[in-house]
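Hey, can you work out the whole structure from these sequences and the hints?
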Amino acid sequence: MIDPKEPKYSKSHEWVRYDGDDVVIGISDYAQESLGDLVFVNLPEVDDELTVGEALGDVESVKAVSDIISPVSGKVTEINEALLDSPEMINEDPYDAWFVKVTDVQETEDLLSADEYDEFVKEEEA
Amino acid sequence: MKLIFERSVPGRGQDIFPECDVDIRLPETPLREEAPKLPEISENEMGRHYTQLAKEARGVNDGFYPLGSCTMKHNPRINEAMASLPGFTNVHPLQPADTVKGCTEAIDTLRNILCEITGMDDMTFQPAAGAHGEFTGLLLIKAYHKSRGDEGRTEIIVPDSAHGTNPASAAMAGYKVVEIKSNDHGTIDMDDLKAHLGPQTAGLMLTNPNTVGLFDENIMEITRLVHEAGGLCYYDGANLNAVIGMVRPGDIGFDVIHLNLHKTFSTPHGGGGPGSGPCGCKDFLAKFLPGKRVIDGEYTQAPESIGCVTGFYGNFLVMVRALTYLLFNGSDGVPELAKNAVLNANYMQEKLKDLYPVAYDTTCMHEFVMSLESIHKEKNVSALDVAKALLDFGIHPPTMYFPLIVDEALMVEPTETESREVLDNAIAAFRAIYKKIIESPESVAASPVTTPIKRLDEVGAARHPILKYDFSGEKAE
Amino acid sequence: MGTYIPNTKEEQLKMLHEIGYKDFDDLFKHIPEEARFKGTLNFPKGKSECEVSAIVSGMADDNKVFHKIFRGAGAYNHYVPATVNAIANKEEFLTAYTPYQAEISQGILQSIFEYQTMICELTGMDISNASLYDGASAAAEACAMTHDRKHSTIYISHAVDHRVREVVDTYSFGRNTKVVVVPEVDGETDLKALKEMLEGDPSAACFLMQYPNFNGIVEDADQIASIVHGAGAQLIMSVNPIALGLLKTPGEIGADIVCGEGQPLGLGLGYGGPYLGILACTKKNMRKIIGRLVGETTDSQGERGFVLTLQAREQHIRRDKASSNVCSNQAQCALKASIYLATVGPNGLKQAATLCTSKAHYLAEQLEKAGLKLTYDKEFFHEFVTDCPDSGKLLAALEEKGILGGLPLEDGRILWCATELCTKEDMDEVAATVKEVF
Chain A
1 MIDPKEPKYS
11 KSHEWVRYDG
21 DDVVIGISDY
31 AQESLGDLVF
41 VNLPEVDDEL
51 TVGEALGDVE
61 SVKAVSDIIS
71 PVSGKVTEIN
81 EALLDSPEMI
91 NEDPYDAWFV
101 KVTDVQETED
111 LLSADEYDEF
121 VKEEEA
Chain B
1001 MKLIFERSVP
1011 GRGQDIFPEC
1021 DVDIRLPETP
1031 LREEAPKLPE
1041 ISENEMGRHY
1051 TQLAKEARGV
1061 NDGFYPLGSC
1071 TMKHNPRINE
1081 AMASLPGFTN
1091 VHPLQPADTV
1101 KGCTEAIDTL
1111 RNILCEITGM
1121 DDMTFQPAAG
1131 AHGEFTGLLL
1141 IKAYHKSRGD
1151 EGRTEIIVPD
1161 SAHGTNPASA
1171 AMAGYKVVEI
1181 KSNDHGTIDM
1191 DDLKAHLGPQ
1201 TAGLMLTNPN
1211 TVGLFDENIM
1221 EITRLVHEAG
1231 GLCYYDGANL
1241 NAVIGMVRPG
1251 DIGFDVIHLN
1261 LHKTFSTPHG
1271 GGGPGSGPCG
1281 CKDFLAKFLP
1291 GKRVIDGEYT
1301 QAPESIGCVT
1311 GFYGNFLVMV
1321 RALTYLLFNG
1331 SDGVPELAKN
1341 AVLNANYMQE
1351 KLKDLYPVAY
1361 DTTCMHEFVM
1371 SLESIHKEKN
1381 VSALDVAKAL
1391 LDFGIHPPTM
1401 YFPLIVDEAL
1411 MVEPTETESR
1421 EVLDNAIAAF
1431 RAIYKKIIES
1441 PESVAASPVT
1451 TPIKRLDEVG
1461 AARHPILKYD
1471 FSGEKAE
Chain C
2001 MGTYIPNTKE
2011 EQLKMLHEIG
2021 YKDFDDLFKH
2031 IPEEARFKGT
2041 LNFPKGKSEC
2051 EVSAIVSGMA
2061 DDNKVFHKIF
2071 RGAGAYNHYV
2081 PATVNAIANK
2091 EEFLTAYTPY
2101 QAEISQGILQ
2111 SIFEYQTMIC
2121 ELTGMDISNA
2131 SLYDGASAAA
2141 EACAMTHDRK
2151 HSTIYISHAV
2161 DHRVREVVDT
2171 YSFGRNTKVV
2181 VVPEVDGETD
2191 LKALKEMLEG
2201 DPSAACFLMQ
2211 YPNFNGIVED
2221 ADQIASIVHG
2231 AGAQLIMSVN
2241 PIALGLLKTP
2251 GEIGADIVCG
2261 EGQPLGLGLG
2271 YGGPYLGILA
2281 CTKKNMRKII
2291 GRLVGETTDS
2301 QGERGFVLTL
2311 QAREQHIRRD
2321 KASSNVCSNQ
2331 AQCALKASIY
2341 LATVGPNGLK
2351 QAATLCTSKA
2361 HYLAEQLEKA
2371 GLKLTYDKEF
2381 FHEFVTDCPD
2391 SGKLLAALEE
2401 KGILGGLPLE
2411 DGRILWCATE
2421 LCTKEDMDEV
2431 AATVKEVF
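Which chain is which? The protein sequence lines are A, B and C, in order.
Under our numbering, the residue at position 53 of the first sequence is numbered 53, and the numbers go up by one with no gaps.
Start counting at 1 in the second sequence, then tack on 1000, and there's your number in our numbering.
Start counting at 1 in the third sequence, then tack on 2000, and there's your number in our numbering.
Hints in this document: simulated from the structure, not taken from any laboratory.
One or more of the hints may lead you astray.
Said to hold, decoys possible - In silico SDA-like pairs for lysine to any residue, Cα to Cα no more than 25 Å straight-line:
| id | chain 1 | residue 1 | chain 2 | residue 2 |
| --- | --- | --- | --- | --- |
| 1 | C | K2288 | A | D85 |
| 2 | C | K2248 | B | D1023 |
| 3 | C | K2321 | A | D85 |
| 4 | C | K2288 | B | D1457 |
| 5 | C | K2090 | B | T1051 |
| 6 | C | K2284 | C | I2317 |
| 7 | A | K63 | C | I2317 |
| 8 | C | K2283 | B | L1031 |
| 9 | A | K63 | C | G2302 |
| 10 | C | K2248 | B | R1025 |
| 11 | C | K2401 | B | D1098 |
| 12 | C | K2321 | B | E1458 |
| 13 | B | K1287 | C | T2177 |
| 14 | C | K2150 | B | T1154 |
| 15 | B | K1101 | C | F2043 |
| 16 | B | K1377 | A | S66 |
| 17 | A | K63 | B | E1458 |
| 18 | C | K2009 | B | E1421 |
| 19 | C | K2401 | B | P1096 |
| 20 | C | K2014 | B | G1245 |
| 21 | B | K1101 | C | G2046 |
| 22 | C | K2150 | A | D104 |
| 23 | C | K2321 | B | E1179 |
| 24 | C | K2288 | A | V46 |
| 25 | C | K2064 | B | Q1301 |
| 26 | C | K2047 | B | R1077 |
| 27 | C | K2090 | B | D1015 |
Claimed, not checked - Looking from chain B toward chain A, a few residues come up when the C-beta cut is under 7 Å (computed):
| id | residue |
| --- | --- |
| 28 | E1458 |
| 29 | V1459 |
| 30 | A1462 |
| 31 | R1463 |
Keep in mind the model is a prediction, meaning the values are calculated, not measured.
Heads up, the beta-carbon is just placed ideally off N, CA and C, and yes, glycines get one too.
Structure below.
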């Protein structure tokens, strides 16, 4: 179980956790809640170069598809293949259901702390 | 109900083919090891299977079908009779041109009439559906710019209210899609259009009336601006039923169009196809048209043709149906289609808008869009719930959640072939549902209750797809 | 004029008044004056059904209908069992829209699910879509399915029907992808060239072959599969569904994607359409397949039911990022194909295939005896090519006798086809005509 307070957040609702020099990326509880039941994820391939602010993949619900925006630039070292077969893991535990691990992180967008992110979500909802 | 495979019994079957009157001789190549598990079933049992399936299908002939954007008008029987004539059904597409004079005449007559209706100069019938016609039209635009060495035109402008096929077709034709905003009136935001026009503009795709059922009053200015920027104007004929005989796309600045014979021209939808999506154009684009046709007794292809989008000449038997329909209605009957389609839509809109707010409160064209946003917020009853509640009244629901620019949208298109009583009955159903929304919203959310199947688990279907029957008798995981 | 508008002029006017419009002009007054069409449409006024029937029937009568057909080349003259049209033309099927409202569309949805299953059985693939426009457009979409960032070049055998190749080319003009034609030698794909071309190109996405090919030859698909896979590309097989009643299936061969023209499955000739595009693939390609899919699920009370599924691939959700703009299927044609396959069953399909190929071999023998040389000495299914000293003269002589001979090709050659509808007597007549003419 990962504490949602631990990671940092992007304004496009991804979470970012540091693992040494590398980062792990997933989507926030708020994101999965608003997307509804997810039925599939499209992930990048290992060794793909990610660019900050660009889509690294997308998530599908029954009637919608939403891009996952990369909060960092860097190279993908690992993808969570379990999500391909069981996208429901994202709805069940979004902080455990990581999407990608990234190394050679060149650039990171200004990330929010968990408290700042909560605040941001509240503002957005209002 | 049972699948046809579950009705199959080994050894049963139907006798269709004769004994072989020559020596049996098979190719000396590897043959399949196992026979395909096709049904083994008597004609009687098979007939009943499909009759039961038919009872669980719903066509226009079953009742009111006000599915916005789909023009579910009556499909005349004479169309079917004409399309079943052996003189058409038994003609091989590669017969010599002098043996297909009737097909040629049918196609030419239909082309002339449709060009006259749309103000276009030429037309191909190769595209098999509306989206296919869009793709074809965009390739004409692409070929045109290419032929002029004007290859910096890489963008197609599409309003945010457009059908999903527009951006998808543009992307398939290799274009970058630029989405422009709708204004408060539901039509094109002229400033946003101007801001996006430039030397990179290949063209604009527009549905007019648009997907919220409104005629864009700036249309002449819009097409002028696009042309000034060097782009071409594409008319998506999905909503032609609203203006047929009243407005001709070719007169208001459009260079290329597609039509949906299965919407405006009464050919049946067949549960999802076959349709027909002819693509018409102005003279200067005709040299790029795809496919072959018989001209002066010879099969001929346009000189700088983009090629072909289907194997032969398009869905010919669908074209025969549309031709029959047009000969029947005639030049005098065609404008009546639009008039009555628009009347019926406004009649329903006017009699419902006190309870169901319309997205844009003005005279609509052949369809109108209600927004259930406030009902959803206040009563937690969604557009989906109301749609499902209509099923219990024997009415096919309107189009839901489209266009995307309207929240909780229900899009209603009655068509001209519905009588006043049918409209009154539907209005009464909508009003009765509203009463239920106020009195017991949870009962609306629980509908439908009268259909053979209740609401289905779409999430489960998409997460763990089962896309064919499992003969082992065990369910897939 | 004829009309299907039920409301009388008086009723229309009354409705207009009720909602606050004086007349139709008033209802349309928001359309700018300069956009209005003010002329009269220049085509004949409406007519009664009786008159229309006479006019259109007259057109049908102006065609020549051949009762003895030896021409195929993408459209095949097979027997259409009486069940097919009787059932498929039921108005509930005919006049229904796409089954978006699953609760009242189980009949359509289930029939598509059954179709998908039958196509999987026929081809040996894991997944079939709900059908596409026709065989040629299905081939073009099949090729597009194999594109990814690293693989974009389409290889296609010259022995694929040129109509299919032309559609693949046209789609590629749109998608800005490269198409390379692999030459044919002795009527079939040049395997040596294929190997060299694919191995020299890391961007090769796929190889499209036809099975049996345009010349009727059943190519060595096993060897082709090993060459294509060895080069890291995908194998697409464009198939004739009747031939699959006998031939080793694409599934057994290891094809990745199958496309094909479903017209032989009970659709008739119909001057080229509507036909049926078959598209099927392995499980690996499930997320890449284009077009509608119907899936099994359960309703809120646990009953089995069917829905359109994996829709997030499609244009109405993914818009410009969708892999195709397809938003329909040829549902009624797919229904006809299902009814055809259910009517003939596994034995009937094999019988049809056996009749076709046996008769084609008989015809080839008789034509050879009559003096026409077979162009290729290869195994064929129900089509084959002969040389001919003067194909125009022979075909004209056959036409005189009400026979549609084979399709004239370049260099005076003829592509012949026999189906179960060709009798020994008819074939003997063709051979006799050859003797008469030359």
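Each hint, compared with the structure:
no. : hint                : result
1   : C:K2288 <-> A:D85   : holds (15 Å)
2   : C:K2248 <-> B:D1023 : holds (22 Å)
3   : C:K2321 <-> A:D85   : holds (22 Å)
4   : C:K2288 <-> B:D1457 : holds (23 Å)
5   : C:K2090 <-> B:T1051 : holds (8 Å)
6   : C:K2284 <-> C:I2317 : holds (22 Å)
7   : A:K63 <-> C:I2317   : holds (7 Å)
8   : C:K2283 <-> B:L1031 : holds (23 Å)
9   : A:K63 <-> C:G2302   : holds (22 Å)
10  : C:K2248 <-> B:R1025 : holds (16 Å)
11  : C:K2401 <-> B:D1098 : holds (16 Å)
12  : C:K2321 <-> B:E1458 : holds (22 Å)
13  : B:K1287 <-> C:T2177 : holds (23 Å)
14  : C:K2150 <-> B:T1154 : holds (23 Å)
15  : B:K1101 <-> C:F2043 : holds (21 Å)
16  : B:K1377 <-> A:S66   : holds (24 Å)
17  : A:K63 <-> B:E1458   : holds (10 Å)
18  : C:K2009 <-> B:E1421 : holds (15 Å)
19  : C:K2401 <-> B:P1096 : holds (15 Å)
20  : C:K2014 <-> B:G1245 : holds (23 Å)
21  : B:K1101 <-> C:G2046 : holds (24 Å)
22  : C:K2150 <-> A:D104  : holds (23 Å)
23  : C:K2321 <-> B:E1179 : holds (13 Å)
24  : C:K2288 <-> A:V46   : holds (19 Å)
25  : C:K2064 <-> B:Q1301 : holds (23 Å)
26  : C:K2047 <-> B:R1077 : holds (15 Å)
27  : C:K2090 <-> B:D1015 : holds (23 Å)
28  : E1458               : holds (5 Å)
29  : V1459               : holds (4 Å)
30  : A1462               : holds (4 Å)
31  : R1463               : holds (5 Å)
Checked against the numbered hints given earlier, this structure breaks none of them.
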